[in-house]
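Q: Here's the letter readout for the chains.
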Amino acid sequence: MSETLVQQAPVGANPYVPQLAVVEKIIDETWDTKTFQAVFQDEEFRENFTYEPGQFQQVSVFGVGEATFCLTSSPTRKGYVEFSVKRVGSLTTSLHEAGEGQVVGIRAPLGNYFPYHEWKGKNLLFIGGGIGMAPMRSLLNFCLDNRADYADITTIYGARTPGDLCYTYEFDQWNTNAKLYLTVDAAENDWSDHVGHVPGYLKERSPSPENTIAITCGPPIMIKFALVELDSLGFTPEQIYTTLEMKMKCGIGKCGRCNIGSKFVCLDGPVFSYAQIRDLPPEF
Amino acid sequence: MMMTDKVLSKEKIGEFVDGLSGRYTVVAPVRRDGSPAEFRDVTAQDSIVIDGSAALMPPKDYLLPRYERLMRVDTRDGQVQIEAPVPEAVPRVMLGAWLPDVKALDVLDKVFLDDKFKDPYYAARRENTVTVAVVPLKPRWSWFCTSVDDVTEWKSKADVLSYDLGDAIYFEPITERGAAILDGAALADPTDGQVAAKEGVWKAFAEVPHCAFAGKDLYENLCWDSPIWDDIAQRCVSCGVCTYVCPSCSCFDVQDEVCGSNCIERYRCRDTCQFEDFTLMGAGHNPREQKVPRARQRLMHKFKYQREQFGITACTGCGRCVEMCPVNIDIRDALCTVCSDRIETPAEVK
Amino acid sequence: MDDVQSRIREEARKVLESGQVSLVLGWGKGSTPFKTTPVFIEKPEDVDRLVWNPACVNNLSVYLPKLTKDKKVAVVAKPCDIRSLITLIQERQVSRDNVYIIGLGCGGVVDVFNLDEQDFHIQDVTGLDWDSGKLKVTAGSSEYVLDCSTCLRDMCLICTKRSPAIFDVELGEAVLPEELCAGQSVLPDIPEERRRYWSEQFSRCIRCYACRQVCPSCYCTTCFADRIEPKWTAKKATADEAWMFHATRAMHLAGRCIACGECERACPVDIPIAELQREMNKITSERYKYDAGNSEQDKPLFGQFEDEDFDPAHHSEK
Chain F
0 MSETLVQQAP VGANPYVPQL AVVEKIIDET WDTKTFQAVF QDEEFRENFT
50 YEPGQFQQVS VFGVGEATFC LTSSPTRKGY VEFSVKRVGS LTTSLHEAGE
100 GQVVGIRAPL GNYFPYHEWK GKNLLFIGGG IGMAPMRSLL NFCLDNRADY
150 ADITTIYGAR TPGDLCYTYE FDQWNTNAKL YLTVDAAEND WSDHVGHVPG
200 YLKERSPSPE NTIAITCGPP IMIKFALVEL DSLGFTPEQI YTTLEMKMKC
250 GIGKCGRCNI GSKFVCLDGP VFSYAQIRDL PPEF
Chain W
0 MMMTDKVLSK EKIGEFVDGL SGRYTVVAPV RRDGSPAEFR DVTAQDSIVI
50 DGSAALMPPK DYLLPRYERL MRVDTRDGQV QIEAPVPEAV PRVMLGAWLP
100 DVKALDVLDK VFLDDKFKDP YYAARRENTV TVAVVPLKPR WSWFCTSVDD
150 VTEWKSKADV LSYDLGDAIY FEPITERGAA ILDGAALADP TDGQVAAKEG
200 VWKAFAEVPH CAFAGKDLYE NLCWDSPIWD DIAQRCVSCG VCTYVCPSCS
250 CFDVQDEVCG SNCIERYRCR DTCQFEDFTL MGAGHNPREQ KVPRARQRLM
300 HKFKYQREQF GITACTGCGR CVEMCPVNID IRDALCTVCS DRIETPAEVK
Chain A
0 MDDVQSRIRE EARKVLESGQ VSLVLGWGKG STPFKTTPVF IEKPEDVDRL
50 VWNPACVNNL SVYLPKLTKD KKVAVVAKPC DIRSLITLIQ ERQVSRDNVY
100 IIGLGCGGVV DVFNLDEQDF HIQDVTGLDW DSGKLKVTAG SSEYVLDCST
150 CLRDMCLICT KRSPAIFDVE LGEAVLPEEL CAGQSVLPDI PEERRRYWSE
200 QFSRCIRCYA CRQVCPSCYC TTCFADRIEP KWTAKKATAD EAWMFHATRA
250 MHLAGRCIAC GECERACPVD IPIAELQREM NKITSERYKY DAGNSEQDKP
300 LFGQFEDEDF DPAHHSEK
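Residue numbers (numbering that gives the first Met the number 0), protein chains in the order written: chain F, 0 to 283; chain W, 0 to 349; chain A, 0 to 317.
Worth flagging that the hints you see were computed from the coordinates, not collected in a lab. All of these numbers come straight from a predicted model, not from anything done at the bench. Any given hint could be a false lead.
Claimed, not checked - Stretch-level coverage of chain A by chain W, calculated; a stretch enters the list once three of its residues show a Cβ under 8 Å from a Cβ in chain W:
| # | region |
| --- | --- |
| 1 | 42 to 49 |
| 2 | 76 to 88 |
| 3 | 118 to 125 |
| 4 | 204 to 216 |
| 5 | 255 to 267 |
Said to hold, decoys possible - Cβ-Cβ distance ranges computed for the label pairs, FRET-style:
| # | chain 1 | residue 1 | chain 2 | residue 2 | range |
| --- | --- | --- | --- | --- | --- |
| 6 | A | 186 | W | 206 | 32 to 40 Å |
| 7 | A | 313 | W | 33 | 36 to 44 Å |
| 8 | A | 64 | W | 33 | 30 to 38 Å |
| 9 | F | 218 | A | 313 | 53 to 61 Å |
| 10 | A | 157 | W | 46 | 29 to 37 Å |
| 11 | A | 227 | F | 100 | 22 to 30 Å |
Every residue gets a Cβ at the ideal spot worked out from N, C-alpha and C, and that includes glycine.
Model the full structure from these sequences, guided by the hints.
A: Given below as structure tokens:
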């Protein structure tokens, strides 16, 4: 079970001050989602920057504000960090519209991370929906880059339509020495893969819980039914992990906003096992 | 350094402040007509109240100002530069803080001075500050300190413990740096009568009758499904005053604002879990949109969650929320009910 | 006012037992003898929780829009609370059919902060009552008879409308205090001085929004002050942002505020917010001959237009 894993030292003596980073590349994922690749301006900081899969970052668009995004890139791929942004409000729209070359502020890495060191030798089952794939992608690519450490790696990933699937350019990687099963709620164009909701597809595939860790992230309704399926397949709450989301401001456990009971999503999370979530108040 | 008690005649308060001003920045509650007094940097000329007799905004308003610039971002010439000036950690003396307020600093310290992410702004104002707690001549009617904790342990929370004797203030140094501020000419050695009077003032405070919930395990009794949340939520108008005047509530918001043609200011300001939009997320989901979850959050955070996090109860019984709530939601009543021991008014316990 | 209190309870019992209403909203005993708290009575056997004394300060109309959405409730109401209710009815936030008004004649209610400044200790107070235009306070073993000007809520001192404007049942009598204050404004006359006055007042504002939350006329789902886009006013508690908030709110309340004074009672730092509203009310009264909360048949001030309306461009004021 994952206890709160202490992460590396924060960005500097003043934990509120971001590091400057330049957005060097923007990838259009879907009609409302883009992935931003940012490079820290300070060379020394950039060279020494490390993080763990599952951690998050606070991205500043100066003048608009700061918002929380997971670190969707894998720490094995150095030199840049990535965050995926769905356009929902003023800050996300600002990011989308400013384009490549914009300077943002980043405070990272924050939060705890997936206890992957406990999972060596195990099978990993990723169950993702839509942009919920973002936090898991960090871990998935990390594990694929450390392939020998893990047994089977399987991903079930779905979205409402084919156009809502993210990271399509990595699907081949996720299907090499690993299995990727895609599904959509409603097919379009020349979609030839599975059609149906993710939890339903999970049930069809019927993975064994034997020596397996399941990681799930996606819309609440998808998670809800995925949990039901995992339970009926025999997965225990200790075997299931997710990342939680609450409104955040400071990201360092001070502003009081993101607590669920006595846990702060920014300090004790965002990674939680279902065994831990069971003990939390039903707040979210 | 000798740790001897001293007494200050009230007409010499100005002289005392003057004497300290050479070595320290003196922080004390400044009187304001009608409004509660507020902690400010003061000189001997200011009208201050250090005997605990006036309504008082908590020390958190000084240590964590309601509006605090965190950084300035300059975007001239296409370059982005960040300046984050932190207040100077000058030596300070904070006079006249109520004893429950000084105890509440324990909570703020745990939040802001943790090892992982020490808050430099809070640290600059807090770490080099000598605290002088005051026990007023008569405990305020709304105080229920004795019901939330063993107050004898609070004596060690301040650098100096002071007591109002009516015409004089009695100072009892607790720490070395507390004793260091008591060497001025304005101070005198206490008489036996004054020592006895001081004991009387402490006794009056320490023997404030308990509310019915005192000693009951609040931690165990506070639960998710308690009917008390509905009762509170029905009356509550979500004004947030309780959290604003609470000495241990510290939730804040961070906002960016354009402050010139090429400059942006990032500041923090007060926020409260009682506001409807506190947990509102970008995509529209809001776990605490209704009043019941907000009512529940406030009490459970104060008496349960922070106890789980830090091992201390965050409420120190200062009674401000009791005095200020416009609809008379009395936290003491709520806690009595939660412990299934409803009494008509806590004041009846005599 | 024991007699009125018994009659309130009787009336409440009657309307609950008959099923006329599903809830009675009134004041109940507070956690101290000098306070009351709103109570929501649903069972006839609970009506004895209702009280009527000078501590019944709250303007209960603030709860009515949500309460009367899908059911009929009875409300025990002072004349000022009823004027708020009239405003809510005019603006279609409450349906007259969904509220049964137990209207009370009033002698003014107490501001606890004023009570705290008297000769007795507030914690010794065990009773408050009206007494022929004065206020009787029982503290310890003594009885004090105080002039109303010492401890009533500021707005009560100038109130002349002490009988309920509309009601389903009227209980009690309006009592004017022996000395009714002339109602002079505390504001300086000269605009520059007045600006300085308000700057000083607003420098204390902590942006808690208590004034807004207790006001029955402030019922917007999202207040302008909470909007992010556009950001009308920053959240920080500085004097100029406070100006923006209070001045805009005063404009939003022009012609809609009935000057109950709850805003300044709720204010933790004693800003005389109601003074600002009284100035607005003076202007709407003089220019448009309109006072809020008179009759539910009235259209809201800014929902009507007459040719003769004051037009500053044409200086048609007398």
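Q: Work down the list of hints and note, for each, if the structure agrees.
A: Each hint tested on the structure:
no. : hint                      : in the structure
1   : 42 to 49                  : violated (count 0)
2   : 76 to 88                  : violated (count 0)
3   : 118 to 125                : holds (count 3)
4   : 204 to 216                : holds (count 8)
5   : 255 to 267                : holds (count 4)
6   : A:186 / W:206: 32 to 40 Å : violated (47 Å)
7   : A:313 / W:33: 36 to 44 Å  : holds (42 Å)
8   : A:64 / W:33: 30 to 38 Å   : holds (32 Å)
9   : F:218 / A:313: 53 to 61 Å : holds (60 Å)
10  : A:157 / W:46: 29 to 37 Å  : holds (31 Å)
11  : A:227 / F:100: 22 to 30 Å : holds (26 Å)
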